[in-house]
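Chain residues, written in single-letter form:
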Amino acid sequence: MPRNKKSKKNWNSKNKGPLIGVNVILGVIIFALLAFALIQYSTISNQANSIRGLEIQIKNLNSTILALRANSTTVPITKTNLTLYNISNQQLPQPPLSLSAYPVITQQQPFGKRLTNINAPLNSTELAVINDAPSSYFETAGEMLLNGSIDNYVGVGSGLQNVSAFIVNGKPSVIYLGSITCIFCGENRWAMALALSRFGKFDHLFKGYSSFGDGDLPTLYWRPMTYSNASGAIDIGNFYNSSLINFITLEDTNPITQGFQLQSLGQIQAELQQINNTAYSDAFNHILQINTFSGTPYTIWGKYVVGGADAVDFGNTTPSSTPFPLTNMTHAQVLSQLASPSDQFAWTEYAGADVYIATMCASLNNSAQVCALPAIKGIESKIGAVS
Amino acid sequence: MIKFIKKLPRAFKKIYSPKYIVFNVIVAVAYYLAITYIIKAQNYGIVLILVPKYLLYLVIASASIMLTTGVYTTINSLHKKGTTAITSLGTVASLFTGLILGCGCGAPALFAITAVGASLIEASAIAATLVNYSIPILAGIILFNLLLILYYAGKAGRLKSR
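In order, the protein sequence lines correspond to chains P and R. For what it's worth, my numbering labels the leading residue of the first sequence as 4, then goes sequentially. For what it's worth, my numbering labels the leading residue of the second sequence as 197, then goes sequentially.
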């Protein structure tokens, strides 16, 4: 009774707060702070990457001097434990050509929920589209990128990060950490494959998809994948051969019929220790030491880290939400577009490849033939990749 | 309990005067914009949702109703501090949805915790947990909001409307 009285008194008193009360003000402040923090994050992240790049360059220089003095191939660098890797006489693992527990699915399935031809190897004609793409396509796409006529996003996001190249058997490496369930890995593997074909050849590539929950995009797999492993696994290795570079692939696998999933880096590290391949374990340690991983795909091209996808290419235009045009394309249609590029989708893939090529050319002192393309030189200059 | 449930429609009727309906709609739109912004910020401007869309809409609906009932109760309550704190907690929890759903292939906002001392392996473990358990986490947030709504509705039933 007294409480009611008090309530009534309170209610009838002059204490009439504004309709938009404390909670609303708090809510608005939280919204504003979150939005501000996110915008600031990307700006600061860009600046931090540049500074970190400079720091690492200085450290690399120090470590090179130390390495020369000590005549050692692996030199720990100051307190960050960033190591210069130079691994020799190391056989990179050769994955199986097929996995009986994860067979090719031949059944035709509907777009968005299809695994048709998953793990099927590309035939020689299909493989030639990647391996033998004409240099003119790379040049045209590069020019389009430089003159701003590529509609989709192509770039290096938060900026390039300069690190020490990961050397195996005397060659710098491209290190890839991705996930078969990831949509950006799916769309970006096409560009990666095209870029890598400029420095070597794929003996085999395989048809794959991103997960059902992440676009079900047709993509390439570097090897047959354990696409329905409920507990997750790391599938390593590929069929790439090059006299100039190594290609080290770490692909996290989870059930493809679900959504995006990723094992923690701790789990991946533990699995790699069991595989017991020095090049792969050290490549992963290299990623950990660089300490800029924030999602997949994560790639290191020679002495440059490209965090995230270097192109966002889900079709001629990229809508801001599902469904994506690429979801409704078959592997044959993608390959056909890449064989004779005539639209934004295909040119974006080549432009994305050009960015990767530029980083690798800068790491190889432009010694590969593709590095002579004017567009590649232009992109090198644009993204700040220097030999 | 049955008495409480029977009183709920009356409590909601009391809360939802036209001005509070308008307020609820504005809050729902604001939540939607904030959550999609957070998702886009982490995914190259693309709204990629890890869970069925209806779960996102359920979070937004429950969070906006919770905030509306919370505001109503706060304005009409003597004990503003407690209700303000609990409503704020619900608001932050619901906005956290954006962070979870935006945590797809890339999760730069989450990995930013490495800047405050977490190791890369720890950050990746948090990101992996949020991704792999996104549905149960979202269900938990919805349940939390529902419980708050019931709590506020119960309180509102005992208050005089303004």
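FYI, nobody ran anything at the bench for these hints, they're computed from the structure. Bear in mind the structure is a predicted one, so any value in this text is a computation, not a measurement. In this text, a Cβ means the ideal position worked out from N, Cα and C, and glycines have one as well. Just to be clear, a hint being listed does not mean it is correct.
Unchecked claim - What follows is a set of in silico ranges between Cβ atoms, one per label pair, in the way DEER data are often shown: (1) P:D135 x R:L339: 52 to 60 Å; (2) R:V218 x P:V107: 55 to 63 Å; (3) P:S234 x R:Y253: 39 to 47 Å.
To be verified - Negatives, chain R to chain P, calculated, CB over 12 Å: (4) R206; (5) I322; (6) A335; (7) L339.
For each hint, the structure was consulted:
no.	hint	in the structure
1	P:D135 x R:L339: 52 to 60 Å	holds, 57 Å
2	R:V218 x P:V107: 55 to 63 Å	holds, 57 Å
3	P:S234 x R:Y253: 39 to 47 Å	violated, 32 Å
4	R206	holds, 18 Å
5	I322	violated, 8 Å
6	A335	holds, 15 Å
7	L339	holds, 20 Å
Of the hints listed earlier, those the structure fails to meet are numbers 3, 5, in rising order.
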